[in-house]
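Novice: Given the structure of chain A, go ahead and fit chain B onto it with the hints provided.
For the protein sequence lines, the chains are A and B, in the order given. Under numbering that gives the first Met the number 0, think of the first position of the first sequence as 0, with each following residue one higher. Under numbering that gives the first Met the number 0, think of the first position of the second sequence as 0, with each following residue one higher.
Hints are not guaranteed to be accurate.
Non-contacting residues of chain B with respect to chain A, defined by C-beta distances greater than 10 Å in every case (computed) [as the list claims (entries may be wrong)]:
{"hint": "1", "residue": "21"}
{"hint": "2", "residue": "26"}
{"hint": "3", "residue": "52"}
{"hint": "4", "residue": "92"}
{"hint": "5", "residue": "122"}
{"hint": "6", "residue": "141"}
{"hint": "7", "residue": "198"}
{"hint": "8", "residue": "208"}
{"hint": "9", "residue": "230"}
{"hint": "10", "residue": "233"}
{"hint": "11", "residue": "235"}
Only part of the chain B face toward chain A is listed, based on derived beta-carbon distances under 8 Å [unchecked claim]:
{"hint": "12", "residue": "132"}
{"hint": "13", "residue": "133"}
{"hint": "14", "residue": "138"}
{"hint": "15", "residue": "169"}
{"hint": "16", "residue": "229"}
{"hint": "17", "residue": "280"}
Using 30 Å as the maximum straight-line C-alpha spacing, the simulated DSSO-like pairs for lysine-lysine come out as follows [to be verified]:
{"hint": "18", "chain 1": "A", "residue 1": "226", "chain 2": "A", "residue 2": "237"}
{"hint": "19", "chain 1": "B", "residue 1": "182", "chain 2": "B", "residue 2": "122"}
{"hint": "20", "chain 1": "A", "residue 1": "293", "chain 2": "B", "residue 2": "122"}
{"hint": "21", "chain 1": "B", "residue 1": "29", "chain 2": "A", "residue 2": "226"}
{"hint": "22", "chain 1": "A", "residue 1": "293", "chain 2": "A", "residue 2": "102"}
Don't read these hints as lab results, they were simulated from the structure. Each residue gets a CB set at the ideal place from its N, CA and C atoms; glycine is no exception.
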Amino acid sequence: MVTFWRYVGERLIICLATIALSVTIVFFAPRLVPGDPLGAVTLKLSQMGGNRGSPELVAEYTRRFGLDKSPLEQYGSYLRQMTQGDMGYSIASFPSTVGDLLKNALPWTVGLLLVTTIISWTLGSVIGGLVGWTGGRSPVLQALVPVALVLYTIPYYILAIMLVFLLAFFWPIFPITGAYTIGAQPSLTPGFVVDVLHHAVLPALSIVLVSLGWWFLSMRSLIVSVKGEDFMTWAEAKGLPQRRIFWGYAFRNALLPQATGLALSLGHIVGGALVTETIFGYPGLGYLIFNSIKTLDYPVIQGSVLLIIFAVAIVNFILDLVYPLIDPRIRYGAAART
Amino acid sequence: MAGAVAIEALVAPSVVETRSILRQLSGNRKFMVGFFIFMGLLVASVVGALILGPVALRSGAFAPRLGVGTPGALLGTTSLGQNILAQLTQAIPNSMMVGLVAATIGTVIGAALGLTSGYFGGKVDAALRVLIDVFLSVPSLLFLILISSLLRGLSVVAIAVIIGLFAWAWPARAVRSQVLSLKEQPFVQVGLLSGLTGLEIVAGELMPHLVPWLGANFINAFIGAILTESGLAILGLGSQKDMTLGGMIYWSLNYGALLNNLWWWWLTPVVVLIVLFGALYMMHLGLDEVANPRLRTQS
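Extracted from the complex, chain A is given alone in its bound form:
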């Protein structure tokens, strides 16, 4: 029990350290940049037709952003705001708050990522497992290995660009951009759902295909190494049917490291999805970040980035606690993830 709590403590420290580090970087990074932060804000306002540089405005902003206080006090109040989930206003789409924009974008990203990750992980594991199991006996399945290698080496966004060209421009089967037809009213009617799915096919396909290659390759090599284990010989000797040996012995054992890989790849998948969303104009967090970069909307960039980092850190923490439950071989020891 003592080792269990030590393990939980260690994982919690890592989770909290991640969050603390990112919050700190987000706070100090803008302040390390030479130049006047208010200059950028008022310039932005003047571009939007506002009143630039009036002393009252600058004074008001100085007060509102707490720039008249010492950096340490500013950091303190920034942390207080963070804990209340207050991330301020968007500059480009004022008076929307950063929270509102994130709330609108989040479901698209989470939906896209969740579905594609489940599909590619399941498909990749099953096909990779079968290919590893049959080995050289099935040349057809073996031919999938180089295909997976190619998919694995192609970056997310390159596949995305090619898919747009082939399936949206050259053969216009799927819409080129957006998450639903412009002007459609988001609702739970069958027509709208079909529309959303139709729009989601290409972005989903590009994420699934790329990550599929990786799951395929890792599952294949896991099965190959499980095949050499003593319990496999034992199962053969008992005369169990091949199907049973594959699913109950080989596949099941290889699935656990595969689950670990899923957690580790989380950050990578998120990063890939951000760029993919941009290419497809898919209105999730990635596209929000892309648009905020264009309009220099720093509060929104900051909010989206923090949100994703928090989410990844917390999901990693939960998965760390769950592994030992699904895999008794991983003990709550320090070396759990090495």
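Specialist: Below, chain B without anything else, positioned relative to chain A:
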């Protein structure tokens, strides 16, 4: 003294090692094919830049939207009348430099931290492990988005340095676990017995064993850095001054090259990136085989 000489002979195979690694690499087909493609791209860009000259780089040097095969602009031109072939001669070396600079920084920091953490153990190890795990668990692209959205107008070298500063976690973890297993080897014990200090053992005894293996990691980091830079560029955070392959993709998408059927514009950087990644991947496989002899029997 005679006994001391015998122990020294046991201890120091490092020079021989390095030379034999080079020999093994030059005999490795995968590595050499990758290496020649890589060098071919680099040499072609440098020579191409010399032939085309700086004038060809200017926007408006040619008529806009010329197709492939135009004399003087063999790969066509952009909507701004830029010569795509001339852009390529800048973008390829720049993208390679991003990989080189970032991978060097990431590998050096990672190897140093991994060696320290693995060799010295204890409290140092505990603290460094938390640090490594933190950097592993966050998608570094996000930090990079934050930082580069603030620091506009960066040169491509500066972007490469920032990418490198976030690229050390994987090598650090990998080196650490490698060192943990090497530490138990008899030659380290022999080194300790013959009175070498910790630093001498790390540099003289452990490093030679890690070199081929760090090489494979280096190539991985190289690929990762180019990938990251291109991702940043496509998000609009690339260097505004220097053209890279990702930057070429960004501008082509920005001017709607996909929808206006200017396929030579977007397809050129995409194909070059794929070829570059393919070449680097071959080099990685080759280095892996040298570092890990068991792989050779499998293939």
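Novice: Starting from the hint list further up, note which numbers the structure goes against and sort them upward.
Specialist: 6, 9, 10, 11, 15 and 20
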